[in-house]
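As a plain string of letters, each chain reads:
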Amino acid sequence: MATSVAVRPAPGTEILGKLRRIAREPVLALTILAVAGLLFLLIVYPVSLVALWGLRDQAGNFSIDNFAVLWQRPIVQKAIWNTFVLVLISVPLGTIVATFVGYVLTCTDVPARRLMRILITLPMIFPPFTGAMGLLMLFGRRGLITYDILGLENFSIYGMHGIILLQTIECIPLLSLIVSGTFAAISRDMEEAAEDLGARRLRVLFTITFPLALPGILSAALLHLISVISDFGTPMIVGKGFSVLAVEAYSQIMYTYDLALGTALCTALLVPALFGFIAYHYLLGRRSYVTVTGAARGPIIHTMPWFIKWLVFLFLCLIVFWNFSQLAVYFAGAFTKLFPRDLTFTLDHFQEWFRTTKQLQNSLSTSMAAALAGGVLAAVLAYLVTKQDFPGRKLMDYIGTLPWGIPGTVKGVGYILAFNFAPFFWTGTYFILILVNIARSIPLALRANVAALQQLDPSLDEASLDLGASRVRTFVQIILPLIRSSFILGIIYIFKDAMTNLSSAIMLITPRTELVYTTMFANMTKGAQGDALALGLEIFLINIVLLLLITRLTKRSPLELFQI
Amino acid sequence: METRKASSVRLEHLTKMFGAITAVSDVSFEIPAGALVCLVGPSGCGKTTTLRMIGGFEEPTAGHIYIGNQCVDAQPPYDRPTAMVFQSYALFPHMTVYENVSYGLRVRHKPTREIEECVHSALALLELQGLESKSPRQLSGGQQQRVALARALVTEPEVLLLDEPLSNLDAQLRVRVRGEIRALQRQLGITAIYVTHDQEEAFSLSDFTAIMQAGKLIQVGKPMDIYRRPTNTFVAHFVGLSNIVHVEALEVRAQDATVRALDHVIHVAVPPPSRDGKFAVVLRPEMMHLCPADRDGIAARVKTATFLGPLIRYVVVTGAGLELTVDVTNPTAEQLFSEGTAVAVHLPDQVPGLLAV
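Chains as they are written, first to last, in the working numbering: chain L, 1 to 564; chain Y, 1001 to 1357.
These aren't lab readings, by the way, just hints derived from the structure by calculation.
We put the CB at the ideal spot given by N, CA and C, even for glycine.
Among the hints, a few may not be true.
[What the hints assert, rightly or not] Here are some chain L residues pointing at chain Y (derived, C-beta under 10 Å): (1) E25; (2) D461; (3) G468; (4) R473; (5) P481.
[Said to hold, decoys possible] Computed footprint of chain L on chain Y, listed as stretches where at least three residues anywhere in the stretch have a Cβ under 8 Å from a Cβ of chain L: (6) 1048-1059; (7) 1102-1114.
Go ahead and model the full structure; you've got the sequences and the hints to work with.
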């Protein structure tokens, strides 16, 4: 019941007060400055360079004309148009399918719901490029189904339809998980109240259930939008002539060394992705009303007529069958000479493991270093933005999450621009790979730690300070042990992400610093299918070990690894 | 643990604004060393914010805080000689009782022997022996409360801060523990500031009670003085059920006054709050009596009668339409009135103070 008074303090007094308070604690002040500096160096500086380079002419002067000229290049127009069409089809399609799957798995009596939920989300731990490789081996020009079984000569899976198919199927696990969470948070009371007022089942669904879940569905759609725009691997492999922005920017810089055109394409890539990110953030902020109503009882489980129930079940089975057949083909490809042409069993491809020990070393060491440094940075940043009050706190939180909205290609180009010149000469080093891995994966780790910190009683922190412990001691002895499992989870997120960093790493490696994942990708593009699959299985194995490690260390479900 | 060093606490024009909202507005008062002061007021009145500013968790927008004679404005919480008992207790869940209580001493790098002695005497003081290796989760609410208290006291603070420490306990335990806290505070002679929204708790515990409303300090004083002589109608209502009756001033003198309330002459033996003669009196329900209508008194009619165990609470309406609440303890047969009965209300001839209106 605090009343507002007529006299307001002069604007800025409050900020000055906060600054004064921080300044009294040098350790805290220095930490904030250091973290802010790191965020600037790792995220803001490289990305703004991309936009700046896109906005200048040969002489180095600021110019938009240059941009206008570039836009008129057919190559740019085509890439923009293609990306636009892809987003227009892929995003709604993926969102609708994932929402449907999420809904039936949460709110209906479809048979074997628990098992289905696990089977549907399992592809998240499949080996890398399971979908793309499986698609090519089954439906490619010489695919098992298209060529051998159906005998189609002119069918091609390459192109936009292939990309859309892959993106739609591959978004289902994560997106349906997010949407499921939203449906599960809807209180049954709402739906029962509507039924009580006389609304029929379908009416309740469309007037209560979906509107309440809409923010969650939309934020899933925005995540999908960002990933479709940023997707580099899928169009590279099944695009073949269908050029999109992410791939075109890469080619311009890596093959034709056209920095001006490359950065212009990156800027075109960055703008919609950032828009998606900002909208996503905005929605997350507003989503609270779903949880306010209380998740205690969950939504009503709707019973469906038997034929619809089994139709839905069949559909889910189809998705599961599709995914697992791709996985089976993946294994088949790794253990045969040339699937499906030559089905002789062989372990030859696994010699690639021994040929790439250097790459494995590089991958493991850069990922490990990124995971440890990034994990600590994420935890400290999370502590600062949740438990401290200083000007710029929200901005720091925002920037820490920003890499989500920055396509990997843009990060790669940004790092080339930022660290290839004085005062940094870091291109070609392991160091730059570590940095880009931190920048790429910090959002996940940050969110995990922030979520854990928000659940902590704020008095715990204060009690420790009150008893005379310094900030550092409080952080190490009270905060870290209490958020231990999120802290570990964050480290493992970053490690896993770093091991499969393609889009930005591919621009920053040199022959000396090649990685397992980039080597696998190179094998795929040059047609060494079996070798690529063998390396994919190596990464798969490492992931499985990691999963077991997580369950051990954090006593949490491994599925949490995938939840945002 | 014997008597400790106690310090006085002085607040000077303390103000805290959150954006345009004033949470605490120009609060000044001094707490003598060794006293227990309760900050009391409705929720959102600024009492917890005031406590948190003393502990160093909130930066005052304006004003100063002195502990002893030292200004502590620039000191972060870990440098202040205060210790806080949090509403949620804030026991570290990953530490045992012993580790929790010894934390403040370990932070100060005390020798292990000394830590052991201090912790054991603190645990003994609060009757927690044998629970050293238990985790906070395994304790009952009352035990957790005492661990929080032990953890705060073991660092030998000059000022103990308590933020609604009993609000998570059930009603019976609350009464017991508040007695224990009071006894302990007296025994140690420590200065304590205690925040609560419960006036009964405040009255039963404190040497001085400070009433806050909407960020402002309204009245500070001994509990009985506040109850008997509230300075305004808010305090009068907050510290107990009151009938506030406007009076006509008959004689206003420097040291006392005579007034008329409802045709009844009342003498007030303290200096009136102003000379302008606009006053009201606070008539507590227990200060009045009800008699059958044929006796002397102010004619009224019973509106409601509520049986509350030790007393019957009547709401009566006077001929002038004024509603009065009258408590009758230990009623005689003739004091049992049903609703609608005509009665006579007997007012006191003296009241402890006047309210300016």
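Hints, one by one, checked against the model:
no. : hint      : verdict
1   : E25       : 5 Å, holds
2   : D461      : 8 Å, holds
3   : G468      : 5 Å, holds
4   : R473      : 6 Å, holds
5   : P481      : 5 Å, holds
6   : 1048-1059 : holds (count 4)
7   : 1102-1114 : holds (count 4)
The structure meets every hint from the earlier list without exception.
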